[in-house]
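Trainee: Sequence:
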Amino acid sequence: MSLLGIDVGTTGCKVISFREDGEVLAQAYREYPLIHPQPGWSELDGNVVWEKVSDGIREVASQTDTDPIEAISVASQGEAVTPVWGNCDVLANAITTFDSRTSGICDEILNNITPLEVMQITGMPPSDIHTLAKLVWIKRNQPDLYKKVWKFFGFEDFINFRLGVQPVVDYSLAARTMAFDIINKTWSDRMFELADIDASLLPDTVPSGTIIGEIGKKVSTELGLPSGVVVVAGGHDQPCGALGAGIIRGGEVMDATGTVECIAPAFGEPVINQQMINGNFSCYPHVVEGLYVTLGFVSSGGVVLRWFRDTFAETEIAQATEENRDVYDILLEDIPDSPGTAMLLPHFTGSGTPHLDLESKGAIVGLTLSTSKGELVKAILEGISYEIKQNLTMLQDAGVEINEVRAIGGGAKSDKWLQLKADMFGKKVIALDISEGVCLGTAILAGTAIGKYSSIEEAVDLLVKPKETYYPREEIAQEYDEKLKVYEQIYPALNSINKQI
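Quick note on numbering: the sequence shown equals residues 1 to 501 in the working numbering.
Source of the hints: derived by calculation from the structure; they are not laboratory data. One or more of the hints may lead you astray.
What the hints assert, rightly or not - Distance condition first, Cα-Cα at most 20 Å in a straight line; then the derived EDC-like pairs of lysine to aspartate or glutamate:
# : residue 1 : residue 2
1 : Lys452    : Glu23
2 : Lys217    : Glu59
3 : Lys416    : Asp337
Construct the complete structure from the given sequences, taking the supplied hints into account.
Mentor: Here is the structure:
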């Protein structure tokens, strides 16, 4: 028996089958192109996305004959919207998260409602990135298309409908529309009225982990699946990744280090206030019943370390090739243990939360002729971690409980970086040996729904194993507290200069 987890991202999809004990049986990855018909526009062809997902399912299914797939669950990017006709024909490309055509629409909605009221209903700080603004744009600029639409789908519900089950969307992905009432767990009549959008054009909503239906014989044959495979409601990719990291209790935080570094704290009661809005922090249902999550992120995370490698580490790259080692292990060998004097602002692609300033740029300050390469590498690690520390501090000040950090992704392989984070955050940091947390999270939802695990808690205890735990060292933690006061001055000091460059 195996469980299939699917992660539909912005530029590609992952399909992974897991045994009941969490062992990966087979996996596939397919890329698809982002389409930019005009500057600032960003689209995906839903037919191409489905083609790539179905290719991945076929590849994985062909390798699981001895452990046939019993259940499937899908996680997807948030905010994207695909207009669909009743037979699931795609009427136009999906508008993706950071498409800029909706600029200014949210301000119009705010003429009749305050930002705090929006967040009290939807859990979302008002923003043009959310699906509701995209629907307004379509209605205004493509009225004939709007009149033809049967349903507007996110990619979770779109893929499930193509699998042949009823089109429903889970609470976590529905919340990313800025039109879902996170308290009453239903579409918000008021938000749809303010936007002048027909709420019936959105699918019904269900909790994550709900059994939606079984894949029919025709689709099963096309995809190489056994008969009777159950489809289970998944969720927004970040909460699914948090579940895959074992974030099932209030006070636990996922820290996923990749190209972007993202944190996802979980908490038991909604935290909705002006401080959350000021930090651009959302509050929406976790894929684990009874919990909520928020997101914070550094838009240039591990990619800054890669930039340094490609630009300045020719010697280390050659050494790594000769010694058959990871170049990052070599780069991190010589970083000093104590907080560095050089500081790096990692806004190489703008800033993430709390500022969300796309015009901010990166900077290195505090250089002297004695600054070593190791100190520059340390400054990169510290800069990324300072940004996360700022997010954690603002969230705690807003009322979010934070007790421990669970680290996944490429950064979770570095002992030095994890110890640095424990020292800087002043929190226990637990490294997990998980590379595909999103797909594992959806597999946990699928397995629990069909009774392979008695509960989410049992599944996490069985499948999510800590690898190493790092504790803050009090003296160094105090040094970082003082350094943070200096770091926090860099962004405002350079803000005006960055916008002139």
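Trainee: Hints first: check each against the structure and report whether it holds.
Mentor: Results of checking the hints against the structure:
no.	hint	result
1	Lys452 with Glu23	15 Å, holds
2	Lys217 with Glu59	18 Å, holds
3	Lys416 with Asp337	8 Å, holds
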